[in-house]
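As given, the protein sequences belong to chains H and Y, one line each in that order.
End of the first sequence = 1549 in the working numbering, gap-free, step of one.
End of the second sequence = 1549 in the working numbering, gap-free, step of one.
Honestly, the hints are just simulated from the structure, not real lab data.
Cβ coordinates follow ideal geometry from the N, Cα and C atoms, glycine included.
Any given hint could turn out to be false.
Said to hold, decoys possible - Computed cross-link-like contacts, EDC-like style, restricted to lysine to aspartate or glutamate with a CA-CA straight-line distance of at most 20 Å:
id, chain 1, residue 1, chain 2, residue 2
1, H, Lys1304, H, Asp1231
2, Y, Lys1546, H, Asp1323
3, Y, Lys1546, H, Glu1234
4, Y, Lys1304, Y, Asp1318
5, Y, Lys1304, Y, Asp1442
6, Y, Lys1546, H, Asp1421
7, H, Lys1296, H, Glu1234
8, Y, Lys1546, H, Glu1250
9, H, Lys1304, H, Asp1418
10, Y, Lys1441, Y, Glu1460
11, Y, Lys1546, Y, Asp1513
12, Y, Lys1353, Y, Glu1315
13, Y, Lys1546, H, Asp1449
14, H, Lys1353, H, Asp1318
15, Y, Lys1304, Y, Asp1268
16, H, Lys1441, H, Glu1234
17, Y, Lys1546, H, Asp1325
18, Y, Lys1304, Y, Asp1273
What the hints assert, rightly or not - Facing chain H, according to a computed beta carbon distance under 8 Å, are these residues of chain Y, among others:
id, residue
19, Arg1337
20, Arg1509
21, Gly1524
22, Gln1532
23, Met1538
What the hints assert, rightly or not - Cβ-to-Cβ under 10 Å is the rule here; a few derived chain H residues that face chain Y:
id, residue
24, Gly1186
25, Gly1219
26, Gly1240
27, Ala1241
There are 2 protein chains.
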Amino acid sequence: MDLASLATGTGSRILLVVIDGLGGLADREHGTELEEAATPNLNRLASEGVTGLLEPVGPGITPGSGPGHLALFGYDPLEFVLGRGALSAAGLDVELHPGDVAARGNLCTLDADGTVVDRRAGRISDDEARRVVARLSEAVKGVEFHHEKGHRLLVVFRGEGLDPRIGDTDPQTTGVPPLEPRPLDPAAAPTAELVAAKLAEVHHALVGEPAANGLLLRGFDTHRELPPFGDRTGLRAAADAVYPMYRGIARLLGFEVLGPPVDLTDQVRLLEKHREDADYFFVHVKDADAAGEDGDRAAKIAAIERVDEAIPDLLAALQPGVIAVTGDHATPSQMAAHSWHPVPVVVHGPRCGRDDTDRFGERWCRAGGLGIRPSVQLLPILMANAGHLAKYGA
Amino acid sequence: MDLASLATGTGSRILLVVIDGLGGLADREHGTELEEAATPNLNRLASEGVTGLLEPVGPGITPGSGPGHLALFGYDPLEFVLGRGALSAAGLDVELHPGDVAARGNLCTLDADGTVVDRRAGRISDDEARRVVARLSEAVKGVEFHHEKGHRLLVVFRGEGLDPRIGDTDPQTTGVPPLEPRPLDPAAAPTAELVAAKLAEVHHALVGEPAANGLLLRGFDTHRELPPFGDRTGLRAAADAVYPMYRGIARLLGFEVLGPPVDLTDQVRLLEKHREDADYFFVHVKDADAAGEDGDRAAKIAAIERVDEAIPDLLAALQPGVIAVTGDHATPSQMAAHSWHPVPVVVHGPRCGRDDTDRFGERWCRAGGLGIRPSVQLLPILMANAGHLAKYGA
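Given the sequences, and given the hints that come with them, work out the whole structure.
In structure tokens:
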């Protein structure tokens, strides 16, 4: 569906609040984190609005952050593909050119045998990580290291004709050594050799570091072009996100990227300041996902409750015609990882209709007016509710 | 979605129990057969797992057995097409070559006017049918007759350039004569003439038979190639089915075909014996469909209850990580035929989540956590639940 061809050019403001990793997993002992969180403001939206469940990529498919967000922005994530390297680069305002290759780097802790014992270098502080990244930039030439946040950095191999078809070196588990950078296509063999040589220099340079003595790479990618969100929808979009990667994906799609804000309070302030500057506002909040990935159920519940508390402020700041709250994927704390489980969504606005659901949570949203549907269907529903879509056909 | 590209190569065993024709039709007097059956074991799975409804081919579309099973195995039945002749041939280990044409044959009873009075020749015994098939093989040359089960046989026309686009001669009802084999494309006219000539010989040869004095043909088809299940999923699959046609479709997809077993008890034994030999086990049970086609409501309920009783044994034999129970289509006894009605499904495993449904049956599954969805979506959900799918995208 070509939404831009139906764009009215009028309509009210849309606020999309993405609680990263919102979805959970109910088991014998517990409901999902959202079901057990105290969320009076989200419950009010659910009670007055319509609810449902979203499947970001497809049934059974566990989405990465890229596909999860592309889907919410109306891009079919099976059609549009983004590597994490390209996302991180965009988030850091590091421009990639055709021929360059970028990857997400995670500082990690290796033991004496070279086995990964902590994939996040003990949740290293930003200050410490910046010091380590400076040390790498000094010691290893021909590669760019850009600190992102915590243990995360962006690693860029600049070159002519480098090939991003390289397998991750991040083994995604502990107790094993990092993987070798493996070419996924014969044409990528020279790039894989270059990456292996540079990683050897990296590990040499980090000898003696107490926590961050290793580097894992994943999501090798190169420059990508995506059709701008504005061309596809007729909407001016703005992104209000603390984490670089989410600003990055928004920038790749041509959103105006606000701030950067430092926290949720700052995000509220930015919304108020830029209220008139866009039609579609994307607010991203990371903490629930981080807590889920840590397997910390209580922290995930608390993170959800903090977003709930901010809902009145977000609404007052932006005064949107339509608000939707959902997640980009599930991150059940029992799994300490992203998962394929459907994610609850609530849509609230004067024309959203009503269902019998009056609490925001998976088991209640399941019976909601939106049903279970692909995340990519959310955008046109929001546009319609906000009056941005004209009639199709005579 | 290319599931094989996400295959983890690890994960627990999956058990798919297909109760053929499981779905039913609730009316003013009755719930569906499943709703009225006593199914304590299936109810326990529903209570602990998640439930939903599956549409095998599409809304309003009544599936044959081929499309119903292809969908459950993750093959879009509108993209992948299999005639019954090709299925039966595969089930009997009869190899078809390009240029051959095969059809399902049903021995039937004709009255003196040549009108069909029983489409199943009085549910003829296997022994009797084998005698009739031997008589046909003796009398009619240039055609192969392979007995399948009961009144069913496989009829193969060997040749150069035969064309399978021939209409069924089975009128699908009684009180009318068999249809003429009609070419569905002008290019199939010579094949249609050959079929008509051979059917005349068949009916001549069967003069004097008390029950099986006619032969109805349907599902003309030729050799087909389907992409192997293992290539599409990374899973080793095994089929545990009494009826040849279901072993046949599994063999066409590259499943290991166990046995053949003679009954459900034997199927349990095979599961235990081959527990380590595959990742994905397909158990097929026919009786509910046969009873539904006979319009025998009580027999269909009893057939469902027999599967319910076997559930603990199936689980003990295989010890799967994930079990799903569903049907390939509905066969409401009020209709004495396949139908388009959605089919209940239950998925049970440690990460399946939970819904509020605690009985297995259409009216309760409708509110379940899986929603109403195409049958083709079941496979990735099972793979995800069993840990066979990695994350998609960074």
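How the hints compare with the structure:
About 28 Å separates the Cα atoms of Lys1304 of chain H and Asp1231 of chain H, which puts this hinted pair outside 20 Å; it is violated. A threshold of 20 Å between alpha carbons decides the hint, and for Lys1546 of chain Y with Asp1323 of chain H the separation of about 13 Å falls inside it, so the pair holds. About 16 Å separates the Cα atoms of Lys1546 of chain Y and Glu1234 of chain H, which keeps this hinted pair within 20 Å; it holds. The straight-line distance between the Cα atoms of Lys1304 of chain Y and Asp1318 of chain Y is roughly 26 Å, outside the 20 Å bound, and the hint therefore fails.
Proximity of Lys1304 of chain Y to Asp1442 of chain Y is assessed by CA-CA distance (about 13 Å); at most 20 Å being required, the pair is judged to hold. For the suggested pair Lys1546 of chain Y and Asp1421 of chain H, the alpha carbons sit about 32 Å apart, so the restraint of at most 20 Å is broken. The hinted pair formed by Lys1296 of chain H and Glu1234 of chain H fails the criterion: a straight-line CA distance of about 36 Å is larger than 20 Å. Our distance criterion of 20 Å between C-alpha atoms is broken by Lys1546 of chain Y and Glu1250 of chain H, whose separation comes to about 26 Å.
Annotation: proposed proximity of Lys1304 of chain H to Asp1418 of chain H holds, straight-line Cα distance about 14 Å (limit 20 Å). A hinted pair counts as satisfied when its Cα atoms are at most 20 Å apart, and Lys1441 of chain Y with Glu1460 of chain Y qualifies at roughly 13 Å. With a C-alpha separation of about 31 Å, the suggested pair Lys1546 of chain Y and Asp1513 of chain Y falls outside the 20 Å cut-off, and the hint is violated. Between Lys1353 of chain Y and Glu1315 of chain Y, the direct Cα distance comes to roughly 17 Å. Compliance with the 20 Å bound is thereby established for this hinted pair.
Restraint check for Lys1546 of chain Y and Asp1449 of chain H: the C-alpha separation of about 17 Å stays at or below 20 Å, so the hint holds. Among the hinted pairs, Lys1353 of chain H with Asp1318 of chain H is consistent with the structure: their alpha-carbon atoms are about 15 Å apart, no more than 20 Å. At roughly 27 Å between alpha-carbon atoms, Lys1304 of chain Y and Asp1268 of chain Y are farther apart than 20 Å, so this suggested pair is violated. Proximity of Lys1441 of chain H to Glu1234 of chain H is assessed by CA-CA distance (about 25 Å); at most 20 Å being required, the pair is judged violated.
Of the pairs offered as hints, the one joining Lys1546 of chain Y and Asp1325 of chain H holds, with about 14 Å between alpha carbons and a cut-off of 20 Å not exceeded. Taking the CA atoms of Lys1304 of chain Y and Asp1273 of chain Y, the gap is about 17 Å. The hint holds against a cut of 20 Å. The criterion of a C-beta within 8 Å of any C-beta in chain H is not met by Arg1337 of chain Y, whose closest approach is roughly 39 Å, and the hint is violated. At its closest, the beta carbon of Arg1509 of chain Y sits 4 Å from a beta carbon of chain H; the interface hint therefore holds under the 8 Å criterion.
Against a cut-off of 8 Å between C-beta atoms, the interface hint on Gly1524 of chain Y holds, since the closest Cβ of chain H lies about 6 Å away. At about 4 Å, the closest approach between the beta carbon of Gln1532 of chain Y and any beta carbon in chain H falls short of 8 Å, and the interface hint on this residue holds. With its C-beta approaching chain H no nearer than about 6 Å, Met1538 of chain Y sits inside the 8 Å limit, and its interface hint holds. The closest approach between the C-beta of Gly1186 of chain H and any C-beta of chain Y is roughly 8 Å, which is under the 10 Å cut-off, so the hint is satisfied.
For Gly1219 of chain H, the interface hint holds, the least distance from its beta-carbon to any beta-carbon of chain Y being 4 Å, beneath 10 Å. Interface restraint check: Gly1240 of chain H against chain Y, minimum CB-CB distance 8 Å, threshold 10 Å, status holds. Proximity of Ala1241 of chain H to chain Y holds as hinted, the smallest CB-CB distance being about 9 Å (cut-off 10 Å).
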